[in-house]
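Since the structure of chain A is already known, use the hints to place chain B on it.
2 protein chains.
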Amino acid sequence: MPKLVDDTFLCDPPKSLELPGGFRFSHGDRVAPFTIVFETYGELNADRSNAVLVCHALSPGAHCAGKYTSDDAKAGWWDGMVGYGKGIDLSTHFVVCVNFPGSPWGTTAPRSTDPETGKPYGSRYPWVTVEDMVESQRLVADHLEIAKWNAIVGNSLGGMEVLMWAALHPERIGGLISIAASAFVPVASVAWHLIGRKIIQSDPAFKGGDYYDSSDPLRGLQLARMVGHMTYLSNEALESKFGRRRRGGTRQFEVDSYLEYQAQKFGTSYDANSYVRVQAAMDEMDLDEQFGSLPKAFERLRCKSLLVSFDSDWLFPTSEIARLEAAMREAGVDVTHLDIATPNGHDAFLIDYDLLNPPVREFLDAL
Amino acid sequence: MPKLVDDTFLCDPPKSLELPGGFRFSHGDRVAPFTIVFETYGELNADRSNAVLVCHALSPGAHCAGKYTSDDAKAGWWDGMVGYGKGIDLSTHFVVCVNFPGSPWGTTAPRSTDPETGKPYGSRYPWVTVEDMVESQRLVADHLEIAKWNAIVGNSLGGMEVLMWAALHPERIGGLISIAASAFVPVASVAWHLIGRKIIQSDPAFKGGDYYDSSDPLRGLQLARMVGHMTYLSNEALESKFGRRRRGGTRQFEVDSYLEYQAQKFGTSYDANSYVRVQAAMDEMDLDEQFGSLPKAFERLRCKSLLVSFDSDWLFPTSEIARLEAAMREAGVDVTHLDIATPNGHDAFLIDYDLLNPPVREFLDAL
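Sequences listed follow chains A and B, in order. So for the first sequence, our numbering puts the first residue at 32; every next one is plus one. So for the second sequence, our numbering puts the first residue at 32; every next one is plus one.
Chain A on its own, in the form it takes in the complex (with noise of 0.2 Å):
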């Protein structure tokens, strides 16, 4: 067991699977070398059968748990549940997080240098599938020796990945836990993301996504992010966080300097052209088109499945997530839905760990 510090653990710093050969995107090209950034927590049991899974969505990398150092300010992003005694315990499990194909957080991405060119690969970086995401974890998963998953988890786009590996692998999971999302992007939800995009693309400074060699901050990224993060808020959160109050003072609106907080800190970190692509992958996906019908895509699972829903996510609306419940039942799946009653919003999953972890720790104990 590793040293605990403050709610959390020093963990190792990230890993990484080297690919001389290249990673081999879904449509087609090949970036090679290829870096796949992963971090791990916990210890791989001997017959290697207690790994957990844990997928990320858009914003955050591997780092899902624990502090690097004591002096770290934040720990990993989901470290409200990844931990020694928390719902995914790391006193029984070994958790391995793995930075997906197109995010800047280490894994080969569109602002890495092109060994040939010596330039960040901008615009001529792959356009990303949620299929490559799931690869980039199968091939950890096949570094690491894991044969099967003793579960999946994720929320978001995490909890596509999720979905997306029971389409593909079914064999390879023990369980899964996807929350927060469904099968594909509701048309609400895609329109919001698509303005997002055109927005970006629209800023003169992103020049087609070659806009290393500039300093301009791109206001663009700011502003998709601040129509990507109201698509995380609800109404009540908004109504209770803000309301029409204003800044001391000033005239400005509350939510008006909270949103230019959120966006100048994501667009200084974030990189625009991994933003497009991510998203865009997350729209692309459709597993009721891929597969001919949602039943079939999950015609193979045979793992016990746990959707979650959260009664204020207009993001991934609870609809959604029973249509997904009553497909994977016609499927045959062992299929439960829980959905959570929260003023949180599709971000709840960062916030409300006193509902999410009891049900999440119970799954996993009964698997």
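Please note that a few of the clues may not be correct.
Since the list gives no way to pick out one identical chain from another, each pair is judged satisfied if it fits inside one copy or across any two copies.
[As the list claims (entries may be wrong)] Listed next, the in silico DSBU-like pairs over lysine-lysine satisfying Cα-Cα at most 35 Å (straight line): (1) Lys296 <-> Lys327; (2) Lys272 <-> Lys327; (3) Lys238 <-> Lys296; (4) Lys327 <-> Lys179; (5) Lys150 <-> Lys335; (6) Lys34 <-> Lys105; (7) Lys117 <-> Lys150; (8) Lys238 <-> Lys34.
What the hints contain is simulated information worked out from the structure, not anything from laboratory work.
Chain B in isolation, oriented as in the chain A frame:
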């Protein structure tokens, strides 16, 4: 009675009220000279008691009904409501619609030429308020010698103007109908509006509002309109109109091409300076804040009032209109709140005439 064509009638050309001394905006600026454009339909009766003011919203102008010539492709923006035998019946009512200051449809606007410089006002045009809109309508009422409106009616921002009339000039109203509007814009809608304005202001072609010497299309205005347009649509409407369908033979989502079409149509006719000003005016209005409390805003109001909400409108949710109703009731107003079930969202006032016209007609008949 004028000549009837198709489902409508031939109307008079727009009229104008010339103010050589200018128009004084509530924030203190004066623009002189100033022209207020308005239209009238039907006949004002001898005792000038049958006049109905129709207040327009962000997008349209004073042309709310009829066609100027039988060749016109389209009739006025509320022709489904205003006409002979329609909800607001021109057989018995004289209807006035005033293009308010800030709007680009005829009344002196940011894109109007400043006679002093020979150039458009652009960034020097004042920031408008809903009180300015009401003031322009009051000036037209005085000009037409209408001491008291038989009724005032408006949708969306137009409904907010109606409520501002109720607070400022209750003695001049015989009845009011406010549709899909409330005493302020709720925070979620404020946030979307703010994002839209930031998108426009971040477009380098906007040049702080002084872009009239360039022929560049303002992509920022188009993108802001996409954001705005999304807030007018319900999820149900998005699902039934588009779902995740693609345009024949392509991977482009149908909702994408729809948003582009709407945005480009709007972007080539509307004006960005008007958009940011009119929408900011909407967001700034807050009867609770302005009058200390909402019941206080209506303490002098004694006319019959009808509030209409649409259950799928998330720009002005039913709960906000219910709050308005409660405040009016507390102030002693004879108020009715009608919540109409429709999948058409905020835009229902331009669609659901079958549901909207009977109660409007009944309300006006009973005055």
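Hint check:
| no. | hint | verdict |
| --- | --- | --- |
| 1 | Lys296 <-> Lys327 | neither (42 Å within a copy, 42 Å between copies) |
| 2 | Lys272 <-> Lys327 | between (43 Å within a copy, 26 Å between copies) |
| 3 | Lys238 <-> Lys296 | both (22 Å within a copy, 26 Å between copies) |
| 4 | Lys327 <-> Lys179 | within (22 Å within a copy, 67 Å between copies) |
| 5 | Lys150 <-> Lys335 | neither (46 Å within a copy, 70 Å between copies) |
| 6 | Lys34 <-> Lys105 | within (16 Å within a copy, 73 Å between copies) |
| 7 | Lys117 <-> Lys150 | neither (43 Å within a copy, 67 Å between copies) |
| 8 | Lys238 <-> Lys34 | neither (47 Å within a copy, 56 Å between copies) |
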